[in-house]
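J.: As they're listed, the protein sequences go chains Z and H.
Under UniProt numbering, the residues of the first sequence are numbered 1 to 319, in order.
Under UniProt numbering, the residues of the second sequence are numbered 1 to 319, in order.
Since the hints were made in silico from the structure, they are not lab data.
Some hints could be false.
Copies of the same chain are indistinguishable here, so a pair counts whether it falls within one copy or spans any two.
Said to hold, decoys possible - Simulated crosslink set (SDA-like; lysine to any residue; CA at most 25 Å straight-line):
id : residue 1 : residue 2
1  : K278      : N318
2  : K146      : E300
3  : K256      : S302
4  : K263      : F144
5  : K120      : P225
6  : K295      : P225
7  : K219      : P186
8  : K295      : I254
9  : K200      : R236
10 : K295      : E232
11 : K3        : R57
12 : K3        : G97
13 : K278      : P225
14 : K219      : M264
15 : K146      : T261
16 : K3        : A244
Predicted model, so just to flag it, every value in this text is computed and none were measured.
Protein chains: 2
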Amino acid sequence: MNKQRYAIIGAGALGGLYGAMLARQGFEVHFLLHSDYEHVREHGLKVDSIWGDMHLRDLHVHATAETMPPCDVTVIGLKTTQNHLLAELLPAPTADGGVVLVLQNGLNVEADSAAIVGDKRVFGGCCFLCSNKVGPGHIRHIDFGKIVFGQYRPASSAGSTATQNDARMVSIGNQICEDLNSAGVPTEFSDNLALVRWRKLMWNIPFNSLSVILNASTKQIMDDPDASALAEAVVREVHAGAAACGVTIPVEMIEKTLENTRKMVPYDSSMRLDFLNKRAMEAEAILGNPLRAAKESGYEMSRVETLYQQLRYIDHTNS
Amino acid sequence: MNKQRYAIIGAGALGGLYGAMLARQGFEVHFLLHSDYEHVREHGLKVDSIWGDMHLRDLHVHATAETMPPCDVTVIGLKTTQNHLLAELLPAPTADGGVVLVLQNGLNVEADSAAIVGDKRVFGGCCFLCSNKVGPGHIRHIDFGKIVFGQYRPASSAGSTATQNDARMVSIGNQICEDLNSAGVPTEFSDNLALVRWRKLMWNIPFNSLSVILNASTKQIMDDPDASALAEAVVREVHAGAAACGVTIPVEMIEKTLENTRKMVPYDSSMRLDFLNKRAMEAEAILGNPLRAAKESGYEMSRVETLYQQLRYIDHTNS
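Okay, chain Z solo, but in the shape it has when bound:
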């Protein structure tokens, strides 16, 4: 069996790292680049990584999606704020029935891809990763990196179980998992994407939001009695929101989320970096979608809604 062919849409801190790992392992990887296209074509892609430094030349780089060949797996590494571009970017690499792996933050972020290629060809995943783009074609991966992914199911079937995975998607998921692990990326194929996503939202919602609204690092939040009490209240609310959506997360995860954050080195969340760099923030993916999902299930996350509305105001005025 031939190795799967990969497309990377959005070859930044995340897509660039994972694409480079696959390319180094001998996979055929096609990178779609925007501002860095000329630089990477001439000088290659440089990745300083805890998994070993790489400088990859002669990569398959593309300035537009039209020149990309059909691939088995198209990895979405864009921010969700760029999802309006997907209608233009996805058709070429997915032309022969390949699947899409959406490695974006938030909830129901796969819906935009599914609207283009269909519900049955989409995986979603969460990355536990500290990586930054530090220059043109230059990525610095400083910690973690695990991917946990699963088959996407539309919101209407969010509570459904593994038995509804179709056999073809299970087979492809297992192959992707094997590919990434063989390339040195610790990867897990889960039968419950909703659980994976809500579990990560328990961190992302409080700490992304509060780091922007309070202009604080994770350490500043956890060291303050009021800010940490608020963070805990939000973690609990998200845990309850998940339950309302039929996603049962062990209650110990509440304390574990806080405890892990207390032990983290002071960290700027991705949303805070977006804010400081005056980029649009992923308020819809990370707060708006979970808020609406819980509300449709009859549960009002009023603290999350407060943070969401504050972030939207800040987003409107941060330009």
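For this one, chain Z is given, so just place chain H on it according to the hints.
T.: Showing chain H alone in chain Z's frame:
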């Protein structure tokens, strides 16, 4: 009957204005001054007011409370963040059984005064006032000025009715009301202080808080769809919190509060001015006390709690 003698504790933008109005009308008014004592003793008190400019010399000014004579009415014009000073400041002017009129923002802010002079000698009131101290002994009163006050009752009897006013306090309250009106200060003596206070909290809680947390004027809040939706949600929550505490505010007041704010000239709340000047904010009086009162009555104001915790964090780091 002799005219009532007044003491003004905290002769700033509020106490200075009302004290000057009473002094101009011929009442004997004793001002307790701190940083401005020498200036006012030498140069008098200057008030530029929509009610007519005044420059009052030969006032009764005091640098310490000990030199103040017993007065019939002691007006508290300090910020609640200074209430720890009351134990030292109240005994002299209230020595002969005079009453205290607490003109501070928030809820249950009379408790600190009542702990010193007793529950049965305290009035509380809300001022609807735009006034600033613009220099030593110099106050600029630019709009509004009405006082609505009522007899204080401890939290345990917050829902009690007018019939429980004791006759002596009703008589004194009527006299204070008459004095202030005769001096040109529009004043109303209410038989329901809790209603007056919660009604004002419907504005103070959302707009003081959000003006600091979002670094925004009232106009910026009301012009933004998300910030104004949040403000409305908080107004509704405070309205419900009042109801839980047995205080029924007509539901039309929700829309009226928002509508009045939309029509206001862009305005910096007192809390925002405190924040910008790196002074302690009145988070306890304005948010903490109502939050706890509602919680004791079984209602959780989770949006208000979120704002309260955010303000406390900001307060801790704003120095």
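J.: 25 Å Cα cut-off: does K146 pair with T261 within a copy, between copies, both or neither?
T.: So K146 and T261 pass the 25 Å test inside one copy only (17 Å; across, 50 Å).
J.: Since the copies are identical, ignore which copy is meant and state whether K295 and E232 lie within 25 Å (CA to CA) inside a copy, between copies, both or neither.
T.: both (21 Å within a copy, 18 Å between copies)
J.: When no copy is specified for K200 and R236, does a C-alpha distance of 25 Å or less occur within a copy, between copies, both, or neither?
T.: within (13 Å within a copy, 32 Å between copies)
J.: Taking 25 Å as the upper bound on the Cα-Cα distance, should K278 and P225 be classified as within, between, both, or neither?
T.: between (29 Å within a copy, 20 Å between copies)
J.: Regarding K120 and P225, is the shortest C-alpha distance of 25 Å or less found within a copy, between copies, in both, or in neither?
T.: neither (46 Å within a copy, 37 Å between copies)
J.: One pair to classify: K219 and P186, alpha carbons no more than 25 Å apart. Within, between, both, or neither?
T.: neither (27 Å within a copy, 51 Å between copies)
J.: Is it within, between, both or neither when you check K146 against E300 at 25 Å Cα-Cα?
T.: neither (32 Å within a copy, 39 Å between copies)
J.: Checking an output row: K3 and A244, CA cutoff 25 Å. Within, between, both or neither?
T.: Neither: 41 Å inside a copy, 66 Å across copies.
J.: From the Cα coordinates, with 25 Å as the cut-off, is the pair K3 and R57 best called within, between, both, or neither?
T.: within (20 Å within a copy, 93 Å between copies)
J.: For K278 and N318, with the copy left unspecified, which applies at a CA distance of at most 25 Å: within, between, both, or neither?
T.: both (6 Å within a copy, 23 Å between copies)
J.: Are the CA atoms of K263 and F144 at most 25 Å apart within a copy, between copies, both, or neither?
T.: The answer is within: 14 Å in one copy meets 25 Å, while 52 Å across copies does not.
J.: Tell me, please, which holds for K295 and P225 at an alpha-carbon limit of 25 Å: within, between, both or neither?
T.: Close across copies (20 Å), not inside one copy (29 Å); limit 25 Å.
Checked against the numbered hints given earlier, the structure breaks hints 2, 5, 7, 16 and satisfies all the rest.
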